[in-house]
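Peer 1: Order-wise, the sequence lines are chains P and C.
Going by the numbering used here, the first sequence opens with residue 1, and the numbers climb by one from there.
Going by the numbering used here, the second sequence opens with residue 128, and the numbers climb by one from there.
Just so you know, the hints here were simulated from the structure itself, not pulled from any lab data.
Here the structure is a predicted model, which means the values were calculated and not measured.
It is possible that part of the hints are untrue.
Stated by the list, open to error - Derived pair list, reagent style BS3-like, types lysine-lysine, alpha-carbon separation capped at 25 Å:
no., chain 1, residue 1, chain 2, residue 2
1, C, Lys444, P, Lys93
2, C, Lys444, P, Lys109
3, P, Lys75, P, Lys40
4, P, Lys93, C, Lys349
5, C, Lys409, C, Lys424
6, C, Lys317, P, Lys93
7, C, Lys409, P, Lys109
8, P, Lys93, C, Lys325
9, C, Lys317, P, Lys109
10, C, Lys277, C, Lys317
11, C, Lys250, C, Lys181
12, C, Lys409, C, Lys444
13, C, Lys317, P, Lys40
14, P, Lys109, P, Lys40
15, P, Lys39, P, Lys109
16, P, Lys109, C, Lys181
Listed below, chain by chain, are the residues.
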Amino acid sequence: MNSERKTVFIVEDDENISYLLGFMLEREGFRVTLAADGKKAMEFVDKEFPPSIILLDIMLPHHNGYEILTRIRQKLSWKKVPVIMLTTKAMEKDIVRALKLGANDYILKPFQPEELMARLTRFTSEI
Amino acid sequence: MMPMFSHAPTIVIAKILSGATLLTSLSVLALVLMIRFARNRREHRENVFQERWKTLFAGTISGNVPQDIPVISPKYAMPFFRLWTHFHESLRGEAKERLCLLLNRAGGRRIALKWLHGFFIRKKMMAVVVLGYCREKSAGRHVQLLAGKKNPLLSLVAARALLQIDHEIGLPLLMSSIVARTDWPAEFMKNILRDIPKDFLVATLRQAIEQSPDPITVRLIKFLDICSYDKSAPIVRNLLEQNRDPDVIIACLDHFQDPRDIVHIMKFIGHPAWPVRLEVAKTLGQFGSPRELDDLKRLLADPEWQVRYEAARSLLKLPFVNDTMISEIGNSAMNPQVRGILSQVRTEEAIRS
């Protein structure tokens, strides 16, 4: 698959960070969709086609990252989409829960842009 | 006719008063509307400003600091700094250096240095944060002065900035404040100290501990938690070799995390101060082995009930001790207080579970 066609779904409530992630990924040729809270993310999961990869924050308004991840893994068409969790260092222990629920990887905030891109590319190049 | 004339002044006064009230209300309403309008306009301007800068920030973070950067005016410096610090705090690695370069090229460093010496606390604090993140050496002396101010927030932010600018100079200078200032939350201080290279931190703490009286030593030992156990445990073991205050001994015992240190802990099982014996009982519950079982039994018969209580709780925590063993310990005890405390702790555990 051509990398220009790859899509990324970013679920992040910090609008500056989601803007930054979107900017970085668009520059790398991804088509980016943003959701700023758990409710919008759930609606997107329920109604839309699956993206190539998902960046999912854990602490979100309305529904947290675990709930969204559970929904993603329950939905047949979304089931195999790689999910990278975004979380703070203080929440590091909770990442085990996310991995058990089916997350593929995680990035700790504060994050290194180069590391995030490398991990994301590793998953999308396998698609 | 008379009543009409007699009412006239009252009516006039009432009319004047109601007119004045109406005028005042309208003036207040107009003022509120003006303030709201001004605030909305300012927020709108700041949002437009931030939207424009977001692209420049994102480009910089992604790898390239643009050559042609607009110089920010002091009027927009606060929203600029807010956005800049938000990105700076969200990132790790080289992107932070690029953000500092962008700040410099946009004239932010110049404004921050001006604000640092200014009058307004809000601007001063923002300047301290920004200059700390950019490790601006020329600000070091003034930041050091601010770290000594009475205002707890300003001084704490300045202390962090000073350590970011130069930890080798900053930490020895701040050590006395770190232990003396009770208005600096210990957890916040620990987070600040976590960013300092561990070898330097442990060496500075060791030196301060060696030169400090007992009450200050107790506070310093708590900061050893941040360092690696291999580096901090020898300091604690060395302190226990000296004849120190019970509070120092308790802080040292609390620091131990390795079962191999049990030999240092057991030296204090018969200490005359009961809080020390209580700490021994607590530590034995964390990593006591079958070899220390008899010592724990001895603490079950301690004259101080709090020590007996802690010893009983520790006994229940040990993985190699089962219900039958506890019953046997209780039944074979000559001292009725041992049976009493074991029975109490077992009941509490049953209620909890």
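Peer 1: Hints broken by the structure, by number, lowest first?
Peer 2: 2, 7, 13
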